[in-house]
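Chemist: Residues in the sequence shown are numbered consecutively from 1, following my numbering.
A couple of the hints might just be wrong.
[To be verified] Restricting the straight-line Cα-Cα distance to at most 30 Å, the calculated cross-link-like pairs of lysine-lysine (DSS-like) are:
{"id": "1", "residue 1": "K488", "residue 2": "K178"}
{"id": "2", "residue 1": "K227", "residue 2": "K31"}
{"id": "3", "residue 1": "K488", "residue 2": "K468"}
{"id": "4", "residue 1": "K88", "residue 2": "K187"}
{"id": "5", "residue 1": "K227", "residue 2": "K149"}
{"id": "6", "residue 1": "K149", "residue 2": "K187"}
{"id": "7", "residue 1": "K155", "residue 2": "K230"}
{"id": "8", "residue 1": "K370", "residue 2": "K149"}
{"id": "9", "residue 1": "K527", "residue 2": "K515"}
{"id": "10", "residue 1": "K178", "residue 2": "K131"}
{"id": "11", "residue 1": "K488", "residue 2": "K370"}
{"id": "12", "residue 1": "K131", "residue 2": "K85"}
{"id": "13", "residue 1": "K85", "residue 2": "K230"}
{"id": "14", "residue 1": "K68", "residue 2": "K85"}
{"id": "15", "residue 1": "K31", "residue 2": "K85"}
{"id": "16", "residue 1": "K178", "residue 2": "K370"}
{"id": "17", "residue 1": "K85", "residue 2": "K187"}
{"id": "18", "residue 1": "K149", "residue 2": "K88"}
{"id": "19", "residue 1": "K230", "residue 2": "K201"}
{"id": "20", "residue 1": "K88", "residue 2": "K527"}
{"id": "21", "residue 1": "K68", "residue 2": "K88"}
{"id": "22", "residue 1": "K68", "residue 2": "K149"}
{"id": "23", "residue 1": "K201", "residue 2": "K149"}
{"id": "24", "residue 1": "K85", "residue 2": "K149"}
{"id": "25", "residue 1": "K468", "residue 2": "K515"}
{"id": "26", "residue 1": "K230", "residue 2": "K187"}
{"id": "27", "residue 1": "K68", "residue 2": "K31"}
{"id": "28", "residue 1": "K31", "residue 2": "K515"}
{"id": "29", "residue 1": "K527", "residue 2": "K31"}
{"id": "30", "residue 1": "K31", "residue 2": "K370"}
{"id": "31", "residue 1": "K155", "residue 2": "K88"}
{"id": "32", "residue 1": "K370", "residue 2": "K468"}
Rather than coming from a laboratory, the hints here were simulated on the basis of the structure. This one's a predicted model, so the numbers in the text were calculated from it and none came from an experiment.
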Amino acid sequence: LFCGSAALWSASPAVAEGRGVVNTQASPHVKIRAVDLDAARWTGGFWAERFEQCRRVTIPTMLEVMNKPDNSATFENLRIAAGLKQGKFSGNFWSDGDCYKWIEAAASVYTLTHDRELDRAMDDLIAVIAKAQAPDGYISTQIQLTGQKRWEDIKYHELYNMGHLMTAACIHHRATGKGNFLAVARKVADYLDTVFTPRPKELAHFCFNPSNIMGAAELYRTTREPKYLKLAQTFVDMRGSQPDGSDQNQSRVPLRKEQEAVGHAVTAAYLWCGAADVYAETGERALFDALARIWDDVVLRKMCVTGGIGALHQGESQRRLLLRLKRDSVHEAFGAPYQLPNRTAYNETCANIANAMWNWRMLALTGEAKYADVIERVLYNSMLSGIGLEGKDFFYTNPLRRCGPQAPLLSNDSAARWRDTTPDSPVRCFCCPPNVARTIAQLHAWAYGLSDDAVWVHLYGSGVLDTKLADGSRLRLTQETDYPWEGKVAITIEAAPSHVLTVRLRIPSWAKSAKVQVNGQPEAEGKPGSYLALRRIWSPGDRLVLEFPMEVTMVEGHPLIEETRNHVAVMRGPLVYCLESVDLSADVALDDV
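Let the hints inform the model, and build the full structure from the sequences given.
Modeler: Shown next, in the form of structure tokens:
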């Protein structure tokens with residue numbers, strides 16, 4: 001199922017605008033625009049293998065699991081709400097949103113494969129979703145099938161579900177050109193506009209797990225309907241606008257006044273992603289300044305060496321605000337500065353991916369390589385740790401240390417990866433698997449970016465970029481590399497404009513003494529943690545070769561991190577290595593190393 005033909009992989013020059021993972025073609029406050037989903041592809045090596053596995057194994061296996069009525073995320077709820085089956089609601093309150101993420105992953109794969117069976121499967125599910133939608137546009141089966149009142153409690157995740165629907169619908173529209181899912185999304189957004197744009201006080205704290213900000217912003221970019229951007233702004237403005245908010249939900253302090261990262265790591269990073277999307281359209285400096293402050297707090301004080309965020313299973317947020325000490329219970333959350341445990345680290349896979357999503361948006365806004373460094377760190381480490389080598393099994397949490405059966409298993413920990421979240425499974429939350437799938441399915445379009453006079457190479461992997469520049473001229477380049485195992489990357493220009501173009505190559509922060517040659521002639525040495533700009537008129541056949549020394553590095557934690565004192569992490573290139581018991585003699589325990 002969904003295998004398609006390798007011949008269908010060929011990417012043709014992108015002709016339509018704004019079909020990237022995010023549509024920033026007309027965003028006035030970005031420095032780097034996203035390339036279209038079908039303008040790039042992997043052709044071999046590390047990420048091509050994972051894309052192919054996602055296409056052949058992960059997506060079909062996941063659909064099989066999500067069709068089980070007792071999985072914690074299931075399409076059955078939507079079929080029942082549509083009147084196609086009899087039954088009761090089952091699973092988590094956020095089940096619908098995880099189903100929409102599967103469609104987003106499938107649509108992202110479809111952009112390169114044009115798999116007819118996959119297209120048909122998406123259409124069948126979209127027809128169910130449209131039938132389940134209420135006449136006024138509302139859709140949330142955890143409410144529709146249980147008799148609960150709408151907007152009664154933030155725990156029901158109504159905005160989370162509808163936010164993922166809007167995003168998935170935009171990606172589906174870009175992938176297929178169809179409007180069936182987009183029509184559902186517009187009805188959702190029109191309904192949310194009537195409910196939230198008037199800013200009723202009683203709904204001020206309905207912003208938990210705010211995928212809705214990204215969804216509304218992306219729907220604006222897709223349709224150019226101004227009220228959808230205003231809706232996204234409203235969701236940002238709601239934060240901290242009324243008393244009795246909570247750090248768990250990032251609703252105690254208005255975002256524009258926030259100084260630090262607090263609370264649930266997924267909801268936090270989704271908020272920051274949405275705020276970055278709003279800034280890209282409005283240019284409101286207060287939003288960007290807040291995001292920059294928070295980024296410093298996350299990366300300098302609250303992020304693990306793997307790029308994982310949200311280290312606490314359970315904890316307490318304490319802040320002195322207006323001369324009063326405020327305390328909030330938090331879970332799956334950021335802790336105090338340098339509170340980064342190893343054995344009990346939470347580091348939810350969804351949070352780590354959201355960290356990369358946020359940094360990808362900050363990179364687009366600024367062109368600063370420090371954001372790309374975080375993206376790479378997450379992708380190779382704390383994102384991929386969430387999926388097994390066979391592409392079927394998953395981890396929800398990603399601790400940095402686990403030592404045998406005596407290791408404590410806390411909330412959502414598991415001793416081994418799991419395939420489904422049925423009642424017999426160790427974990428009853430399926431949000432991470434479709435998040436991993438959609439990320440892997442879209443990474444080829446994360447690898448490059450465009451500006452008026454430049455192409456940016458963010459990620460390295462064998463592949464092709466075939467796109468149109470702002471003036472309509474064609475650019476085609478190929479990458480050949482065995483990265484991340486080897487440090488040599490060869491880029492060949494196959495088609496180029498007749499005018500001057502800058503090729504900006506990312507030099508990772510770990511790459512000391514990186515060497516660059518153009519047509520065999522050495523260029524200036526690349527500075528670690530920057531983009532090396534090569535500006536000239538390019539010709540077909542021009543060849544750029546990068547050499548990154550892949551040295552083994554011992555990385556120390558900050559001295560204020562108590563659990564990493566007298567420890568080092570071992571890195572080579574972008575990879576953080578794991579010492580496993582199978583590599584040790586039988587008489588040596590991991591705890592003794």
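Chemist: When you check the alpha-carbon spacing of K31 and K85, does it fall within 30 Å?
Modeler: violated, 49 Å
Chemist: Are K149 and K187 close enough, with their CA atoms no more than 30 Å apart?
Modeler: Measuring from Cα to Cα gives roughly 20 Å; hence the hint holds.
Chemist: Taken at face value, is the distance from the CA of K149 to the CA of K68 at most 30 Å?
Modeler: Holds, because 27 Å separates the two Cα atoms, which is no more than 30 Å.
Chemist: Hinted pair, alpha-carbon criterion (30 Å max): K370, K468. Please report holds or violated.
Modeler: Status holds; Cα separation ~27 Å.
Chemist: For K488 and K370, compute the direct alpha-carbon distance and say whether it is at most 30 Å.
Modeler: holds, 21 Å
Chemist: Take a quick look at whether K227 and K149 sit within 30 Å of each other, Cα to Cα.
Modeler: holds, 26 Å
Chemist: Could you grab the alpha-carbon distance between K31 and K515 and see if it respects the 30 Å cut-off?
Modeler: This hinted pair holds, its Cα atoms lying about 26 Å apart.
Chemist: For the pair supplied as a hint, K468 and K515, confirm whether the alpha-carbon distance does not exceed 30 Å.
Modeler: holds, 29 Å
Chemist: With the threshold set at 30 Å, check whether the alpha-carbon distance from K230 to K187 stays at or below it.
Modeler: Holds, at about 16 Å.
Chemist: Would you check the hint for K527 and K31, treating anything up to 30 Å between C-alpha atoms as holding?
Modeler: holds, 21 Å
Chemist: For the pair supplied as a hint, K155 and K88, is the alpha-carbon distance within the 30 Å limit?
Modeler: Roughly 19 Å separates the two Cα atoms, so the pair holds.
Chemist: For a C-alpha distance cap of 30 Å, please report whether K85 and K187 respect it.
Modeler: OK: K85 and K187 at ~24 Å, within 30 Å.
The structure shown violates the earlier hints numbered 1, 8, 13, 15, 16, 20 and 27.
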